[in-house]
Amino acid sequence: MALYSEKVMDHFRNPRNVGVIEDADGIGEVGNAKCGDIMKMYLKIEDDVIRDVKFETFGCGSAIASSSMATELIKGQPVSEAMKLTNKAVAEALDGLPDYKMHCSVLAEEAIQSALDDYRKKKES
Amino acid sequence: MIYADNAATTKISETAIKTMTSVMEETWGNPSSLYAHGQRAKELLEEAREEIARAIGAEPREIYFTSGGSEADNQAIRSMAAQGKKKGKMHIVSSAFEHHAVLHTLKALEKEGFEVTLVDVHEKGVVVPEEVEEALRDDTCLVTIMFANNEIGTIQPIAEIGEICKKRGIPFHTDAVQAVGHIPVNVKDGKFDLLSASAHKFHGPKGVGFLYAGKGVRLTNLIEGGAQERGKRAGTENVPGIAAMAKALTEALEGLEEKRERLTKKRDRLIEGLKEIEHSALNGAADNRLPGNVNFCFEGIEGESLLLLLDDKGICASSGSACTSGSLDPSHVLLAIGRVHDVAHGSLRLSIDEETSDEDVETIIRSVKEVVEYLRSFSPIWRDLVNGKKEFIL
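Here the protein sequences come in this chain order: A and B. Just so we're aligned: the first sequence equals residues 554 to 678 in our numbering. Just so we're aligned: the second sequence equals residues 80 to 473 in our numbering.
Just so you know, not all the hints are guaranteed correct.
[Unchecked claim] Distance condition first, Cα-Cα at most 16 Å in a straight line; then the derived EDC-like pairs of lysine to aspartate or glutamate:
id: 1; chain 1: A; residue 1: Lys-587; chain 2: B; residue 2: Asp-408
id: 2; chain 1: B; residue 1: Lys-164; chain 2: B; residue 2: Glu-202
id: 3; chain 1: A; residue 1: Lys-628; chain 2: A; residue 2: Asp-648
id: 4; chain 1: B; residue 1: Lys-90; chain 2: B; residue 2: Asp-408
id: 5; chain 1: A; residue 1: Lys-587; chain 2: B; residue 2: Glu-470
id: 6; chain 1: B; residue 1: Lys-246; chain 2: B; residue 2: Glu-202
id: 7; chain 1: B; residue 1: Lys-468; chain 2: A; residue 2: Glu-582
id: 8; chain 1: A; residue 1: Lys-597; chain 2: A; residue 2: Asp-670
id: 9; chain 1: B; residue 1: Lys-246; chain 2: B; residue 2: Asp-218
[Stated by the list, open to error] Not the full set, but computed from the structure, chain A residues with beta-carbon under 10 Å of chain B:
id: 10; residue: Tyr-557
id: 11; residue: Ser-558
id: 12; residue: Phe-565
id: 13; residue: Arg-566
id: 14; residue: Ala-586
id: 15; residue: Gly-612
id: 16; residue: Ala-616
id: 17; residue: Gly-649
id: 18; residue: Tyr-653
id: 19; residue: Lys-654
id: 20; residue: Met-655
id: 21; residue: Asp-670
Hints were generated in silico from the structure; no laboratory data involved. As the structure is a prediction and not an experimental result, all values here were calculated from the model. A virtual CB, placed ideally from N, CA and C, is assigned to each residue, including glycine.
Next comes chain A alone, as it looks inside the complex (with noise of 0.2 Å):
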């Protein structure tokens, strides 16, 4: 039995939306180097839709499978609907992941949360 889905293998060996967003509206970064996981998300957001999505992940096949699948996931979709992006969406929507992976989930729902807020906060200012 292999240790992924293909699914997250795909995800992993061809990550989509990687790189970085320069005139970023929102930026996130979730995780650190001690866990051996970080996720930073860059959101190009016009009209309240999520235009474009980057990430840069440093972490496990897993992590990078997750952040590359939040951003498939969120990609075109209004803010108000990526907000409810949760982590079972992410670890579902790549034919799940061990149990002792699911916290990589986790930490992509919170840096796609977190570039949203810290887009909410940038637009409140």
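Take the given structure of chain A and dock chain B to it, following the hints.
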């Protein structure tokens, strides 16, 4: 496939396979049975014991067959703890980077009231004999220090430690799982009282190993039952595995010096090649390490993703990252040599052997360079390091 994980397990040799199958087909009797068919199995068992004893400079009656290195470690430590307890000696000296078979046994003993001192292994991953001596107390019942480390391959000054223990009359055990069959191991030179070894680390089968216990060392049973192994390890003997282990060991020791020299050259080329990767570092001393062991940390990346991408390129290796250990902490060995968490997560162990060609070595170097560069290209840590927001550690 390029197999560079020989410290995890080795490919069983043709000779070992042939020995196993022939024993299973022809000499499958129970060595404890008195009829000739059983006694032939007994003969094979005793021949294997002699062959193994000869290989490490021991007497046949000092060799006890076990299910592998972990059982041998457990039995060695438990035995000396039991002897110590009888005399009110409940202190054990070991090192911070022992195998878990040793460390977890010591943890269990601590719960039973034993005190354990773990000596430092310092930046180079080498125990200092004087520090072992300083750690000894009047109530020390055992010193257990590994022969060579399983992750970073550093060879320990066990002869000096053995000398110190002998002088003080304290039993000395060494986990020689990574050493036996790879570098010269002689129980007389090392002055060991107990030594553990495992067949599958030297091209023998899995699930079999041995414990050397010198004359006068009193063993405690982990497994009670029949009178096998002079009453110290019950259970019908794994005759095919034991016979194959003996053959594999003899084979491993043939031309050992030449093999070691050839392998060391390949290892050093691998180290030299990987050193070209910026902000990387070799773990453990460059000299006095196992001939096939290379262990690096690469800053800004995580080990599991590195392993998966190397696997895609047909390279089998291992890492001390938390993700591969199944816990939140990276390898205790890397932490013991002072690597901080951030860097320890990005470790790679390559353990090569005879079958690794010069071309394989170059392929490994090229592949690791590519994968490290790729993973760094979207690592937020690497970006912060390059932009000067964080300071490089390596």
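Here is how each hint holds up against the structure:
1. Taking the CA atoms of Lys-587/A and Asp-408/B, the gap is near 8 Å; set against the 16 Å cutoff, the hint holds.
2. Of the pairs offered as hints, the one joining Lys-164/B and Glu-202/B is violated, with about 34 Å between alpha carbons and a cut-off of 16 Å exceeded.
3. Of the pairs offered as hints, the one joining Lys-628/A and Asp-648/A is violated, with about 19 Å between alpha carbons and a cut-off of 16 Å exceeded.
4. The suggested pairing of Lys-90/B with Asp-408/B is violated, with an alpha-carbon distance near 30 Å, which exceeds 16 Å.
5. The suggested pairing of Lys-587/A with Glu-470/B holds, with an alpha-carbon distance near 15 Å, which does not exceed 16 Å.
6. For the hint linking Lys-246/B to Glu-202/B, the alpha-carbon distance of about 28 Å lies beyond 16 Å, and the restraint is violated.
7. Taken as a hint, the Lys-468/B and Glu-582/A pair is honoured in the structure, with Cα atoms around 14 Å apart against an allowance of 16 Å.
8. Between Lys-597/A and Asp-670/A the alpha-carbon distance is near 13 Å, which keeps this suggested pair within the 16 Å criterion.
9. Restraint check for Lys-246/B and Asp-218/B: the C-alpha separation of about 15 Å stays at or below 16 Å, so the hint holds.
10. Satisfaction of the interface hint for Tyr-557/A is found here, the shortest Cβ-Cβ separation to chain B being roughly 8 Å, below the 10 Å cut-off.
11. Violation of the interface hint for Ser-558/A is found here, the shortest Cβ-Cβ separation to chain B being roughly 13 Å, above the 10 Å cut-off.
12. Below 10 Å, beta-carbon pairs count as interface contacts, and Phe-565/A has one with chain B at about 7 Å; its hint therefore holds.
13. Using the Cβ-Cβ criterion of 10 Å, the hint placing Arg-566/A at the interface with chain B is satisfied: the shortest such distance is roughly 7 Å.
14. Of the supplied interface hints, the one on Ala-586/A holds, with its beta-carbon coming within about 4 Å of a beta-carbon of chain B, less than 10 Å.
15. Residue-level restraint check for Gly-612/A holds (minimum Cβ-Cβ distance to chain B is 5 Å; threshold 10 Å).
16. The interface hint given for Ala-616/A holds, since its Cβ lies 8 Å from the closest Cβ of chain B, which is under the 10 Å cut-off.
17. At its closest, the beta carbon of Gly-649/A sits 17 Å from a beta carbon of chain B; the interface hint therefore is violated under the 10 Å criterion.
18. With a cut of 10 Å, the hint placing Tyr-653/A at the interface with chain B holds, because the nearest CB-to-CB distance is about 6 Å.
19. For Lys-654/A, the interface hint holds, since its Cβ comes within 10 Å of a Cβ in chain B; the closest pair sits about 8 Å apart.
20. With a least beta-carbon distance of about 13 Å to chain B, the hint placing Met-655/A at the interface is violated under the 10 Å criterion.
21. With 10 Å as the threshold, the beta carbon of Asp-670/A stays out of range of chain B, its nearest partner Cβ sitting at about 18 Å, so the hint is violated.
Going through the hint list in order, the structure does not satisfy hints 2, 3, 4, 6, 11, 17, 20 and 21.
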